[in-house]
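Asker: Spelled out from the first residue to the last, the chains are:
2 protein chains.
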Amino acid sequence: MTTETKYQRKETPKIAIKELGELLGERCSLDEEDLKKHGRDKSHLDAYNPDCVVYPKTTEEVVSVVKICDKYDVIMIPYGVGTSLEGHTTPIHGGIHIDMSLMNKILHCSLEDMDVTVQSGTLKNQLNSYLSKKGVFFAVDPGSNATIGGMCSTGASGTMTVKYGTIRDNVVNLTIVLADGRILKTANRAKKSSSGYDLTHLILGSEGTLGIITEATVKIYRLPKAISSGICCFPTVKDCTEAVTKIVQTSLGSLARCEYLNTAAITGVNKYFKSTFTEKPTLLLEFHGETTKQVEQVKEKLVQIVEGHGSFGLSFTTDKEKRDKMWKIRHNVYYALINSRENCKLFASDVCVPISNLPKIILETEKEFKERGVFCPIIGHVADGNFHVNAPITDEETELVEELNENLIERAVKYEGTCSGEHGIGFGKINSSLREHGELFFEIEKKIKLAFDPKNLLNPGKVYKNL
Amino acid sequence: MTTETKYQRKETPKIAIKELGELLGERCSLDEEDLKKHGRDKSHLDAYNPDCVVYPKTTEEVVSVVKICDKYDVIMIPYGVGTSLEGHTTPIHGGIHIDMSLMNKILHCSLEDMDVTVQSGTLKNQLNSYLSKKGVFFAVDPGSNATIGGMCSTGASGTMTVKYGTIRDNVVNLTIVLADGRILKTANRAKKSSSGYDLTHLILGSEGTLGIITEATVKIYRLPKAISSGICCFPTVKDCTEAVTKIVQTSLGSLARCEYLNTAAITGVNKYFKSTFTEKPTLLLEFHGETTKQVEQVKEKLVQIVEGHGSFGLSFTTDKEKRDKMWKIRHNVYYALINSRENCKLFASDVCVPISNLPKIILETEKEFKERGVFCPIIGHVADGNFHVNAPITDEETELVEELNENLIERAVKYEGTCSGEHGIGFGKINSSLREHGELFFEIEKKIKLAFDPKNLLNPGKVYKNL
Numbered sequence: 329m330t331t332e333t334k335y336q337r338k339e340t341p342k343i344a345i346k347e348l349g350e351l352l353g354e355r356c357s358l359d360e361e362d363l364k365k366h367g368r369d370k371s372h373l374d375a376y377n378p379d380c381v382v383y384p385k386t387t388e389e390v391v392s393v394v395k396i397c398d399k400y401d402v403i404m405i406p407y408g409v410g411t412s413l414e415g416h417t418t419p420i421h422g423g424i425h426i427d428m429s430l431m432n433k434i435l436h437c438s439l440e441d442m443d444v445t446v447q448s449g450t451l452k453n454q455l456n457s458y459l460s461k462k463g464v465f466f467a468v469d470p471g472s473n474a475t476i477g478g479m480c481s482t483g484a485s486g487t488m489t490v491k492y493g494t495i496r497d498n499v500v501n502l503t504i505v506l507a508d509g510r511i512l513k514t515a516n517r518a519k520k521s522s523s524g525y526d527l528t529h530l531i532l533g534s535e536g537t538l539g540i541i542t543e544a545t546v547k548i549y550r551l552p553k554a555i556s557s558g559i560c561c562f563p564t565v566k567d568c569t570e571a572v573t574k575i576v577q578t579s580l581g582s583l584a585r586c587e588y589l590n591t592a593a594i595t596g597v598n599k600y601f602k603s604t605f606t607e608k609p610t611l612l613l614e615f616h617g618e619t620t621k622q623v624e625q626v627k628e629k630l631v632q633i634v635e636g637h638g639s640f641g642l643s644f645t646t647d648k649e650k651r652d653k654m655w656k657i658r659h660n661v662y663y664a665l666i667n668s669r670e671n672c673k674l675f676a677s678d679v680c681v682p683i684s685n686l687p688k689i690i691l692e693t694e695k696e697f698k699e700r701g702v703f704c705p706i707i708g709h710v711a712d713g714n715f716h717v718n719a720p721i722t723d724e725e726t727e728l729v730e731e732l733n734e735n736l737i738e739r740a741v742k743y744e745g746t747c748s749g750e751h752g753i754g755f756g757k758i759n760s761s762l763r764e765h766g767e768l769f770f771e772i773e774k775k776i777k778l779a780f781d782p783k784n785l786l787n788p789g790k791v792y793k794n795l
Numbered sequence: 329m330t331t332e333t334k335y336q337r338k339e340t341p342k343i344a345i346k347e348l349g350e351l352l353g354e355r356c357s358l359d360e361e362d363l364k365k366h367g368r369d370k371s372h373l374d375a376y377n378p379d380c381v382v383y384p385k386t387t388e389e390v391v392s393v394v395k396i397c398d399k400y401d402v403i404m405i406p407y408g409v410g411t412s413l414e415g416h417t418t419p420i421h422g423g424i425h426i427d428m429s430l431m432n433k434i435l436h437c438s439l440e441d442m443d444v445t446v447q448s449g450t451l452k453n454q455l456n457s458y459l460s461k462k463g464v465f466f467a468v469d470p471g472s473n474a475t476i477g478g479m480c481s482t483g484a485s486g487t488m489t490v491k492y493g494t495i496r497d498n499v500v501n502l503t504i505v506l507a508d509g510r511i512l513k514t515a516n517r518a519k520k521s522s523s524g525y526d527l528t529h530l531i532l533g534s535e536g537t538l539g540i541i542t543e544a545t546v547k548i549y550r551l552p553k554a555i556s557s558g559i560c561c562f563p564t565v566k567d568c569t570e571a572v573t574k575i576v577q578t579s580l581g582s583l584a585r586c587e588y589l590n591t592a593a594i595t596g597v598n599k600y601f602k603s604t605f606t607e608k609p610t611l612l613l614e615f616h617g618e619t620t621k622q623v624e625q626v627k628e629k630l631v632q633i634v635e636g637h638g639s640f641g642l643s644f645t646t647d648k649e650k651r652d653k654m655w656k657i658r659h660n661v662y663y664a665l666i667n668s669r670e671n672c673k674l675f676a677s678d679v680c681v682p683i684s685n686l687p688k689i690i691l692e693t694e695k696e697f698k699e700r701g702v703f704c705p706i707i708g709h710v711a712d713g714n715f716h717v718n719a720p721i722t723d724e725e726t727e728l729v730e731e732l733n734e735n736l737i738e739r740a741v742k743y744e745g746t747c748s749g750e751h752g753i754g755f756g757k758i759n760s761s762l763r764e765h766g767e768l769f770f771e772i773e774k775k776i777k778l779a780f781d782p783k784n785l786l787n788p789g790k791v792y793k794n795l
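As they're listed, the protein sequences go chains Z and H.
Each position in the first sequence, counted from 1, maps to that position plus 328 in the working numbering.
Each position in the second sequence, counted from 1, maps to that position plus 328 in the working numbering.
Any given hint could turn out to be false.
To be verified - Below 30 Å or equal to it, Euclidean Cα-Cα: the simulated DSSO-like pairs (lysine-lysine) are:
| hint | chain 1 | residue 1 | chain 2 | residue 2 |
| --- | --- | --- | --- | --- |
| 1 | H | K553 | Z | K627 |
| 2 | H | K399 | H | K334 |
| 3 | H | K621 | Z | K648 |
| 4 | Z | K574 | H | K513 |
Everything labelled a hint here was simulated from the structure, so no lab data went into it.
Treat the numbers as computed from the prediction; the structure is a model and nothing was measured.
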């Protein structure tokens, strides 16, 4: 089947593109290279180019763009920086991209209230670079240097969720442009509110299907005064995942990161970075505290736990350079794995289960991949029960790995978990979401979608079956 | 104006009550005393009795009740224990109460995953009594001994939000019965998920207008190994609120409670409890930690801060009996104040602002109440920016105090805050919510409501203007 026949494509009228050009001049792009760049995210999924890409600079310009699209029934897809992993931004039904990259202004930062308001195209690293000079940071830390708006749209999380929560725990309010061009602010700047429906959380994770996020106020934290990062290995997967379960149960308040890499992932890392990590199930850990003593105390407790599960090679450091190096490697596992094989693409799974079920689901998954002859690097935010099989695969292997992923998701649902811990649904995981939630959940999603976007112009074909 | 003419009342057909009686026998009550008891919550607002009260025991029985109501277009209002403060459960448009008090079973507790699943009629104190034997606790702590379902419905929080978050931060999933009797589970038991719209948070705070919560899975925490509670006074309101701002900015991770009582509130407490607290602006504080040393360290930091703002009378204790006594007093300020005056009812405001705006809004409010001659006891979860004017008032003063509250809310909105930090909207604060959010927000709320409940049978007349 060619990609062209898979999805019905809605035509974007020329008059609409003409009017967008009149509105934005050079910031309305029809350049082939540009369209191609926007047609695919970082997933293994098929590419579909947009008909045009616009680059607004303000919420008001987004309003003008949306009004033109609304007038001519043009499909609109907000676009951050294209790091999504389930085809969230791919225009499978055609339409235009509203690229937020020029909307990257930091609008207001309050150290008194510990929040910062940004335009949604602001990049995570850009924001943290700005904040670090003030002694604070934004704590949601996905692998990619995503935009804040993109992170809001997909319900992102990452390595520091165990201490600081997901993006859902870190957004104070959102400004969105609705499908008809009206501007809605979901909340004010108070730390909590019980005034009306929680529209902030409804928009978070809705993948651009309910409105276009143009601004966000997010929580910030003081940079910890003491940080200690470390690594340790385990003889077996079972030892490692059982140690993690125990670590989480002990509620170590200072634990800020607890990342798992299985043997295959470490092998990929060593190959790409020419590093010499022991090729065994491994944990990367980090503690944040007010004082070195506090961090040391917690570390001692942790060492007791991991040694009780046979860990070896324990090594901790407070040296910033060494810590940064370690986490840079962790954040670049994606590149390590995609470069570990010729002509491959990366298949990323994303299940999340209650922590008590983590050991068995990881073991069963590694076993099945091995039996079916597929290389199975696993990295995971295991303190949250979330892990990814990041398999570098060829086109020929796609079908097999999709089958294995289906089995993995079936397992996750059986173990009271979810098909997506942090990547979202896009168009890649709609059937998985249906399996997880059932038809009634989709029916409710559809009704909510129609309440916000009756003409189904905002990123159609994503999250649930809606075309 | 009599209360009868204020709201249009929808008749409950006799056949519907007959069928409910056949379904539930004695658990379908038409007893006048029972109806009267259900007609009013703990607010100063007018009472309206339900036409009937049913007491289901299971989700399936709720389904059967809802199907009868759906068949005969009967208004349904879920009822916990009636501790709401904005008339949330009051049947202003008639209908029946679905009283959840017999649905108080604790269904599943996992110390591995640190969560517990309960029927929604389970009381907060009942749950904590059960959990404490296992060394864990549920951390959302409103003043009243509310039901878990009620807390979910109103978006409750309370004294421990500064460390453990609001109910919105503590719910893993909900089981709800929709308006047509179908059962929806909003999520699974994973710690995080990006699979589809966040229906859990949409239901939280929706005050029974979108569905009837029958079960909830909530997070639990280990009982802290070290707890220290304390009290201190300040010469002026300004000193006190500025100290709070500083405390919050210092991000003391162990700070679990930071409660403000102004001079008037302390006076009321002393009168009711025959206690001898210094009648000055006061903070009640609590620290939770892993070790006594850790708590002591944080306490020392705090002492530096408050002494820098002129505090006096500092007194801390780790003794459980003394701590419990102090917090019992705090939780009973409501009763102290309502008993401080003959024939009065309690008017409770509930604004919440960014912490940087807290000092000025408290000062301005105290000043205005004083100028208008109204007794102004204030208690507040000030580390969240949330405070309540809890004024014991006579019927004659209602109009004046409502005017003062309108001014307070106007001030809160001006200071980027909300009209309700934790009590919710009910029918008492609909105009305030409109002032805060504007018409478009209400329009979206209405569309969502109709998506869930097209016949408007679930607690109509609450949250937003919907009749």
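Asker: Take a quick look at whether H:K553 and Z:K627 sit within 30 Å of each other, Cα to Cα.
Answerer: holds (18 Å)
Asker: With the threshold set at 30 Å, check whether the alpha-carbon distance from Z:K574 to H:K513 stays at or below it.
Answerer: holds (29 Å)
Asker: Does Z:K648 sit within 30 Å of H:K621, going by the straight-line distance between their CA atoms?
Answerer: Roughly 27 Å separates the two Cα atoms, so the pair holds.
Asker: Against the 30 Å threshold, does the CA-CA distance of H:K399 and H:K334 hold or violate the hint?
Answerer: Roughly 27 Å between the alpha carbons, so the hint for H:K399 and H:K334 holds.
In this structure, every one of the numbered hints holds.
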